[in-house]
Amino acid sequence: MNILSQWDWSYDGMIVLAGVLCAIAASLPGNFLVLRRISLLGDAVSHAVLPGLAAAFLITHSRSGVAVLVGAVAAGLLTAVLTEWIRDTGKVDEGASMGVVFTTLFALGLVMIVQAADSVDLDPGCVLYGVLEATPLDTVAFGTFEIPRVVIVLGSVVVMNAVFVSLFFKELLISSFDPGLATSEGFSARVLHYLLMILVAITAVASFEAAGNILVVAMFIVPPATAVLLTTRLSHMIVLSAGLAAASAVLGHLSALTIPALFGFRSTSTAGMMTLCSGLIFLVAALFSPQTGMIVTWIRRQRLAMRILSEDMIALLFRLEERLPKQSVQIDTLAQGLLTSRLRTRISVARQKFRGYLLVSADGVCLTETGRIAAAAVVRSHRLWESYLVTEGIDAELIHRQAEKLEHFTDRSLRDRLQKQGSKSEIDPHGSPIPEETDRQTTQE
Amino acid sequence: MKSGWSSLWPRKSRKKALLVLPLLPELFVGSVVEAAGPGSVGHLDMLARSLRVLFLQDYNTRVVILGTMLLGMAAGVVGCFTLLRRRALIGDALSHATLPGVGLAFLLAPSMGLEPKSLPVLLCGAAISGAAGVAAILFIRNLPRMKEDAALGIVLSVFFGAGVALLSIVQQLPTGHSAGLESFIYGKTASMTSSDAWLIGIAGILSAGIPLLLFRQFQLLCFDEGFAASRGYPVVALDFLLMTTVVLVTIIGLQAVGLILMVALLVIPAAAARFWTNRLDQMVVIAAMKGSIAGLTGSAISAIFPDVPSGAVIVLVCSVLFFVAMILGQESGVLIRVFRRRTLRLAMDREHLLRGIFELCEEHSTTSSPTDRKLAVTVVSLLKLRTWTQGQLTRQIRKSITEGLVWRKADGAIELTGKGRAEAERLVHHHRLWELYLITHADVAASRVDQEADAVEHVLEPELIAQLEELLKKERFGREIPASPHPLESQPRGSATETPENTPAGQPANESGVPQ
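The listed protein sequences correspond, in order, to chains A and B.
Letter 299 of the first sequence, counting from 1, is numbered 1045 in the working numbering, and no numbers are missing.
Letter 13 of the second sequence, counting from 1, is numbered 22 in the working numbering, and no numbers are missing.
Check the hints yourself; a few may be wrong.
Just a sample of chain B residues kept apart from chain A, beta carbon distances all over 12 angstroms, derived [as the list claims (entries may be wrong)]:
1) 129
2) 158
3) 163
4) 214
5) 242
6) 289
In silico lysine-lysine, DSSO-like type, Cα no more than 27 angstroms apart, as pairs [unchecked claim]:
7) A:1099 <-> A:1151
8) A:1151 <-> A:1166
9) B:156 <-> A:837
10) B:418 <-> B:393
11) B:156 <-> A:916
12) B:393 <-> B:428
FYI, nobody ran anything at the bench for these hints, they're computed from the structure.
Where a beta carbon is used, it is the ideal one built from N, C-alpha and C, also for glycine.
Given these sequences and hints, build the entire structure.
Written as structure tokens, this is what we have:
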């Protein structure tokens, strides 16, 4: 990686720092946008600030400074207010009213810019695509250090957002989940909503200059959405989303330098790669999140299915032994009896052999003594449930199917209670004897 | 009596009005704007140019106008379904999602021996990555805890970020510079060629045709996804197909008119049409009309004033149509809702007055003979009945006198006329039926039913009344007015204790007001 050997802390370091600050600044208010189901508001505001920028520019004839910020924040706030107004008065759904407002404002901005195009140099491209790579070029002397202006601007936005979120944490929490409760608690959910919108607009505008709109729009949504997959506590979610945002910014710059080099190109857009990295982190979370990840839940489901299959298998062997003691059963017969594939049966047999429940010989498989005890527990659960369900007045036709499910989730203490509550008989409703409880520790969980 | 809800338009002429009314504001806006061109500017060349545009003399203008009209129509049709699916901004997400496909197509086309800048190649790339975006949306939406808006936002930003990264690589290519790729994002409506218009035409017919062919299926998908699934419709496949039509109309529109205009055309005409009608078939027609009219007007304005970007003007025309619809819309516009609320309030006031007089008479009558019941009541006793001010009450009495429902006797007392009496009997009947229903079937305490019934009595439909009568027939006696199941409000406390058993069944039938 000779590309990374050219890494220059005063250059690349500053780009990464600006990216990290931008990502954190956006992800903090983004959490509440995602929770309020208005994730796309970041995108809407980032387009809708155009007329504000244009108006500020037409009035002051300068491209930076307070006027632009004021114009953009006013336009951002206008978007939020108009969206809410159309949603409430027109009974239009949130997304549609957002779509109406931001396209209209953007078109208005375009017309304003084109009208002014004779005298000024302001093209939409430079509003939408700030260049993160240009960060180190524009610096402010700060004692002996040269600090990029962008870093100072974004740093103060991060501080502002962090202060807002920590000051109003409880209010934001309540109003995001239950606006009615917020109002009854004595603060206006609406005022808080508009404060949040102002914050979103300021964050968006500050980030445009630094990184272009795509990075900030992504960081409003993707890290908080990733955090939602990983946790259900709001405080954890906020911290997590900021961390994920920072991580995707760092990874993004690294990959912007290294990945194109693999194909013989120079580096690519850092903001674009940061966005892509946040998307990849989301994908990883979607697949591997401990609580909700698709692969994790799939594995969990497979393990459960395997446990159930194994228990059904030893129970089947136990029942066969009841009729004809000490017999071995072929694997194919087992697979047929358990209504499953031969492969799954083999895997299950191997697993049980490893645990010492089964003996495998040329004749087939048979239960060991330990296996017999475990099997007796399953069968006992099954037959106890059947007796209990019959005493509860469930139709005798249905009890087998119910017991078949419940037997896998019944432990020793539950079995004892079932025995007390069900009929005290030693025989289950189908006429089979209920096995005795063995005192040795069973492997039932 | 005609209820306030439908009195604005008689039912029969409603359907005709529906087809004409939505057109009015469009024609109005169109003609004003186009007439303003020659009139207000006054330059001779401006006039000539406007005339050339209006009569479609320019070949280029003809192409542009035709193209944007077709596009608006197709987007309007597709937009209706995405709007009802609560995915109005899917056009936004998918049009951003096409960008990496464009970049990849540009990068990979030379290695497959294709011309990188040819339109079909780029469109193929855009379509493939759009379809990938659709799949990603469906994937994210089905994750636990993920909502629709987050799915759209993630796909929008991540795909667009990938596209930006790819385009930045494309720009380093020594051979082809990416000039022209930007117009995929911003669009150049005015430079539309006839082949573009043909492409738009074919794709527009295709993407509008799919929802029209599968109208029933898509309708079911939009209104009740679970029901559609239970009826055996392939819901996921239908959903994918619907979003594919969005991709189709989006990629065609993107390169012709640009991203923001595409989003606007997908969202605004459909949302505006929603104000005019509650029926999906009519909504689709109206949205298509609105879309094409916005395309027509917008590109005409842009042709007359060349320094106005046509895409932006089309969006602005769309928004004007939207706000006109939002205010004037016949089904759920602001004005009609205000009007309905006012009509309802007026009806409620009148009904309160009539029922008040009736119940006062009923209470003061000592015998059940109908002639004795024609007692006049004083304004003061009416005033005690509910929380209305003297002014409100006198105004309402005056209004009812002109309507011929009550008349004022020489001593100033108020008495019901024959017409007013019939109306009052109907109202009291409704009120008490509902009270009885609440007591016998909903287990509401007799002391509370008056308030509950007071809120509901004004909006009881005739069908519901018939059902209530049927339901309560065993306890009640047909169409006559049941006795009040609770002491009337202005009654002195003492009289309430005279009849401690207030259960409705305990009262004799001949107290019920009207003799059999």
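Do the hints match the structure? See the list:
1. 129: Answer for residue 129 (chain B): holds, closest chain A Cβ roughly 25 angstroms.
2. 158: At roughly 5 angstroms from the nearest Cβ of chain A, residue 158 (chain B) sits no farther out than 12 angstroms, so the non-interface label is violated.
3. 163: violated, 5 angstroms
4. 214: The claim stands: residue 214 (chain B) keeps its Cβ more than 12 angstroms from every Cβ of chain A (closest is about 25 angstroms).
5. 242: Non-interface label on residue 242 (chain B) holds, nearest chain A Cβ at 23 angstroms vs cutoff 12 angstroms.
6. 289: Nearest chain A Cβ is 15 angstroms from residue 289 (chain B), so the label holds.
7. A:1099 <-> A:1151: Judged against 27 angstroms, a Cα distance of about 24 angstroms means the pair holds.
8. A:1151 <-> A:1166: holds, 21 angstroms
9. B:156 <-> A:837: holds, 21 angstroms
10. B:418 <-> B:393: Measuring from Cα to Cα gives roughly 20 angstroms; hence the hint holds.
11. B:156 <-> A:916: holds, 23 angstroms
12. B:393 <-> B:428: holds, 25 angstroms
Checked against the numbered hints above, the structure violates hints 2, 3; every other hint is satisfied.
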